[in-house]
Amino acid sequence: MSAANRFRLPALTPRFVPIWRRHFLVWRRFWAQNLVGNIADPLIYLVGFGYGIGAIVPQVGNVPYINFIAAGSVCIATTYAASFEVMYSAFSRMHVQRTWDAILAAPLTLDDIVLAELVWAASKAVLSGLPILLVAGLLGLWESPLALWIALLIPLVGLTFAALGLPFTALAHGYEFFVYYFTLLITPMAILCGVFFPVEQLPPTLRMISEFLPLTHATALARPLLLGSVPPAIAYHAAVLIAYTLAGFYLAVILFRRRLQS
Amino acid sequence: MALNGAPLSVQGLRKSYGANEVLRGVSFSIERGECFGLLGPNGAGKTTTLRLCLGLADADGGTARLNGLPVPERAREARSRAGVVPQMDNLDPDFTVEENLLVYGRYFGYSDAEVRSRIPQLLDFAGLAGRADSRIQTLSGGMKRRLTLARALMNDPDILFMDEPTTGLDPQARHLIWERLKTLLAQGKTILLTTHFMEEAERLCNRLAIMDHGKIIASGSPRELIEEHIEPEVVEVWGETASEWGSRHARGLASRVEQAGETVFCYTANAAPLLASLEGARELRYLHRPADLEDVFLKLTGRDLRD
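If you read the protein sequences in the order shown, they are chains A and B. All the letters of the first sequence, read from the start, carry residue numbers 1 to 262 under our numbering. All the letters of the second sequence, read from the start, carry residue numbers 1001 to 1307 under our numbering.
Pulled out of the complex, with its shape left as it was, chain B reads as follows (with noise of 0.2 Å):
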């Protein structure tokens, strides 16, 4: 076991398909018992860059290394302490609840009565408790996710890789997997997550980089983020003159001005001289609010679409 030293972290990491540079030197350190949040629009490459973390793919220059390991070398071992959730859920459709857990737990070389010991815990953990002979087919997409998660902790790893954890999922289905996360982060696990949830970024990770086309473009905790890179104060206006009033009062009180679609983002270190400007303007409608992680996020990643 190698406890010194952090679980993961990559080195100048580049990865190209053709011509494509998807990676574009990523380097980051993970420390033990935080979560560290990835984010990125579409195609940025958080996917890929949990691909080389974990050795599934040779990065084409860069060193990572896991749990101790230089990865891919003795990607095999390092993965036997490692756990993972995709994006896309790949679970047993043929199985039980309980043989896609005892079928997973094979794979680690536990023995049958090894693995059926661990059920029973991982079921609890994952609010699937008298589920265990139900087929996949008929779990909500929720559950699904929750397995997945148990299936993730059966070898019991010290880092765990969330790609995406709750897309799909439903509020109540997506606060619940939060719980679960934060409850495995008291547990003292590591964890690695990629997502385009702000929100859940916000909540859950320590610390989190930003990336897009390949680069991490900023790097801190939530708070140091939004600090550093955003006016604190924000003023949403929408309706239909609002472009207009935009155009001829925000830009002179606002330290920054953004517009999509009818809506004007004013960012200000104090909003008191807008909102005193829409007082007299009763067509207009708005909202005054904290400057949050999705205004860095866009700011830094633009409001361009990627798909």
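Bound-form chain A, shown alone (with noise of 0.2 Å):
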């Protein structure tokens, strides 16, 4: 493939949706057992932390340590739940299952099936993220309506991190290579990005090194929401997730031509 048509921009068309039609149809075979797969591990988190680490740590900043919780275990479960998806899910679909090449014998090209995945990968983030935040507000854990922003948020958070992990799933050959970006990548952010604490908290190195990585932003937004208050900085922060989610998936899009159609 010659370097102008590898390096292209993708072409956005609507015909990405039977695409993520297909992928929904197998969710929705097996819908039951996804959706407590997506929502049972972060509700755990929520509930056993939030109540088990609040009864020792009263407070965080103002507020009891659940309810300081509750936006992280929002933004950590959409983004396991993106990542997923686009490593294991979509490498199985690409490369073991081999429903991309059947995809692509039919008039649609790469960029219509890389867009399908990460649109669907932020799609069940959604089914991830979206619960656990209807969970808080049963538990009442919402200070104010302002916290139903925080579902136009988690779309956001899921494109992010799908984007960021299809330029992996187009490196990968085999299920093992995603052990590295779960590990060397997920793990940190979910330690350093305010999911279980405060950024506050981290020595000024970590704390600069948090800013860089797009977690961070996501709770940022989500938990200022969830407490009440509108959060400071929001262009800057989404203009962050926006950053990565375009980069990502353009990067993607190139690593895949180059995977597959050379």
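These are computed hints drawn from the structure, not numbers from a lab. Where a beta carbon is used, it is the ideal one built from N, C-alpha and C, also for glycine. Keep in mind that the hints are not guaranteed to be accurate.
[Claimed, not checked] Listed next, the stretches of chain A that the computed footprint assigns to chain B, with coverage defined by at least 3 CB atoms under 8 Å from CB atoms of chain B:
1. 19–25
2. 107–120
3. 215–225
[As the list claims (entries may be wrong)] Some, not all, of what chain B presents toward chain A, calculated at C-beta under 8 Å:
4. Ile1030
5. Arg1076
6. Pro1086
7. Pro1093
8. Val1103
9. Phe1108
[To be verified] Restraint-style ranges between C-beta atoms, simulated for each label pair:
10. Ala239(A) to Phe1125(B): 51 to 59 Å
11. Leu1305(B) to Ala243(A): 49 to 57 Å
12. Arg259(A) to Asp1133(B): 33 to 41 Å
13. Ala11(A) to Glu1179(B): 49 to 57 Å
14. Gly1043(B) to Leu148(A): 56 to 64 Å
15. Phe1125(B) to Ile234(A): 55 to 63 Å
Hints in hand, dock the two standalone chains.
This is how it looks when you write it as structure tokens:
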């Protein structure tokens, strides 16, 4: 493939919709198991950490620990769901089941397929993040209707982490490869990005690193919204998330073109 | 619709992967309604040729036109009137037979109602009527291949690409696929077939091209290839003393003699002297038959293993 061809901007068209519907149909077949798997883990974290650690650490800032961790739980559940989908599931569709090959025989393109993976992973992330947000509401953890804005933030965080994971999928030769991603990127982010404790607790160097990590900007938006205030610097945090999304997606498309169409 | 001109024509296709030159200038053209076969040992470049024809990879050189459109520039549109049966089954394992077709039809932009109206006919053609709700795992290899064929016919394509369509199937399943392909040809469809089954090529193809090491080394109708490249009669001889008999007698009596393991292949225009000689050699067993495509293939590509 010529260089110009490989680096051309991805074509964003509604042709991705039938592919998205295919993924949705598979999900619907196993929806009960899927939902339980997506929701149970972060819910256990929320309730367990919230009430367990909350009993020892009664206040973070001026709020009970469970109120503090609720926003973090929404963000981390969204992050994990998007990342798992673009790595294990998308890799299996591309490499193991050869679903992508079947799609490419139709009048669709690799751009359509990668866009469908991105949007689908974000959709699954919503299916993980949104229930946590609702449960937090049921537990009385919404301080004001501002919390509803998180329902808009979740899809953006889903897109960001889908786009961040896809380039690694394009480079993977087996499922083992994804362990690196989760161990070296996702786990540090879970610790450094204000999910379980405020980033202000970190030493200056780590805090600086944390400023560059997308999850920090997700929690920076979600937490104030859940605690009843308008977040400072909304445009900045949103811009960082959008920038990661666009850059990750573009890089992914280039790498998939190199892998599959050269 | 580009009804004039060949459904597929390629000129001087070249493709390398690193230092490996997979295609070294491949040219051919397929007429509407014909079955064109690409034959060749493993690694000859057949599958790469198909990928370039469909615009799934860019050639390093040469041009291709599919359904009247330049490929890969307008490959997506060109594929909307092509059907593909891949070498490896890639049906959706989580779906039923019907869901596989429904989902695939949507890829072509058809409405669900449109796809559903086509499904009974497609299942009927594939011999899968009554199996609409079966899960893929419950289908035999032959059924899966027929479903893949039905899926490839979803858009009523003008040209079908079939990459080794009967590899791995038992004879019954293979014959059924051949019958279906003949029906499609009778309907006026064009087929590009890759295979390394000579019988398949001989039965189905109007014309074929034999590929090796990234080049077409011979082409024509099966009959033409046999007449042009090989002596009309073959005597195969085997047994413990076959090789000794071969070097002592056969070389003088046949125009060409080849040995593979314990079997001696004698190619000739007149087998009578060979058969007379064999009358006297009771310990040898032999088979006298007309030359076929496999003889041509082995003569042109050699008897060495390719894997």
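Which constraints among the numbered hints does this structure fail? Numbers only, ascending.
Numbers 3, 4, 13 - these are the hints that the structure violates, sorted from lowest upward.
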